[in-house]
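Trainee: Heads up: the sequence shown begins at 35 in the numbering used here, then just goes up one per residue.
Simulated from the structure, these hints should not be mistaken for laboratory data. Since we're looking at a predicted model, the values are computed, not measured. For each residue, glycine too, the CB sits at the ideal point set by N, CA and C. Be a bit skeptical, because a hint or two may be false.
Simulated DEER-style distance windows between Cβ atoms [said to hold, decoys possible]:
#: 1; residue 1: D150; residue 2: K86; range: 20 to 30 angstroms
#: 2; residue 1: T84; residue 2: D150; range: 31 to 41 angstroms
#: 3; residue 1: L78; residue 2: L153; range: 18 to 28 angstroms
#: 4; residue 1: G87; residue 2: A131; range: 18 to 28 angstroms
#: 5; residue 1: G83; residue 2: V134; range: 13 to 23 angstroms
#: 6; residue 1: Q80; residue 2: R130; range: 14 to 24 angstroms
#: 7; residue 1: A154; residue 2: H132; range: 32 to 42 angstroms
#: 8; residue 1: T97; residue 2: E143; range: 28 to 38 angstroms
#: 9; residue 1: H107; residue 2: T84; range: 12 to 22 angstroms
#: 10; residue 1: A154; residue 2: T84; range: 38 to 48 angstroms
#: 11; residue 1: K86; residue 2: Q151; range: 30 to 40 angstroms
#: 12; residue 1: R127; residue 2: K86; range: 18 to 28 angstroms
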Amino acid sequence: MQIYPSSPSGHAPTWPRPPACLRAGELDAPPVNARVAVAGLVILRQRPGTAKGVIFLTLEDETGVVNVIVWRHIYERFRRAVVAGRMLKVTGRMQRAHNVTHVLAEEIEDISPLLDQLLAEGTGRHMGSETRTDTWESRKGG
35 MQIYPSSPSG HAPTWPRPPA CLRAGELDAP PVNARVAVAG LVILRQRPGT AKGVIFLTLE
95 DETGVVNVIV WRHIYERFRR AVVAGRMLKV TGRMQRAHNV THVLAEEIED ISPLLDQLLA
155 EGTGRHMGSE TRTDTWESRK GG
């Protein structure tokens, strides 16, 4: 079983990415049913009442978006990551239908600490040592 890796580049990426993860813009390359790994920011979580327990995730990276389908039994195994993760790594099978590409999730990992690394590099600050002092009350003026 092969996992298609990200194509090598001549420079270090500024976007944090676990090894062997494809970018959204590279998902046309692997064949249908190939096992792939993708990673990105969670920009959408949907759990329609008519979907019989299926959850739809949309991840975003520097090249585009990745549609992820999470079946109920996978959700039950990786519930914490699916519900709370801000940045996820998803390993699963490629599916294409009607010009739409999906990854059928088999494994889901919360990689949110990599997001903190990205934010720290962008601002020059170390996120782990910061303490948030503002509250909802202070922001609304009350």
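Trainee: Evaluate each hint against the coordinates.
Mentor: Here's how the hints hold up against the structure:
no., hint, result
1, D150 with K86: 20 to 30 angstroms, "violated (35 angstroms)"
2, T84 with D150: 31 to 41 angstroms, "holds (36 angstroms)"
3, L78 with L153: 18 to 28 angstroms, "holds (20 angstroms)"
4, G87 with A131: 18 to 28 angstroms, "holds (20 angstroms)"
5, G83 with V134: 13 to 23 angstroms, "holds (22 angstroms)"
6, Q80 with R130: 14 to 24 angstroms, "holds (20 angstroms)"
7, A154 with H132: 32 to 42 angstroms, "holds (40 angstroms)"
8, T97 with E143: 28 to 38 angstroms, "violated (20 angstroms)"
9, H107 with T84: 12 to 22 angstroms, "holds (19 angstroms)"
10, A154 with T84: 38 to 48 angstroms, "holds (41 angstroms)"
11, K86 with Q151: 30 to 40 angstroms, "holds (37 angstroms)"
12, R127 with K86: 18 to 28 angstroms, "holds (19 angstroms)"
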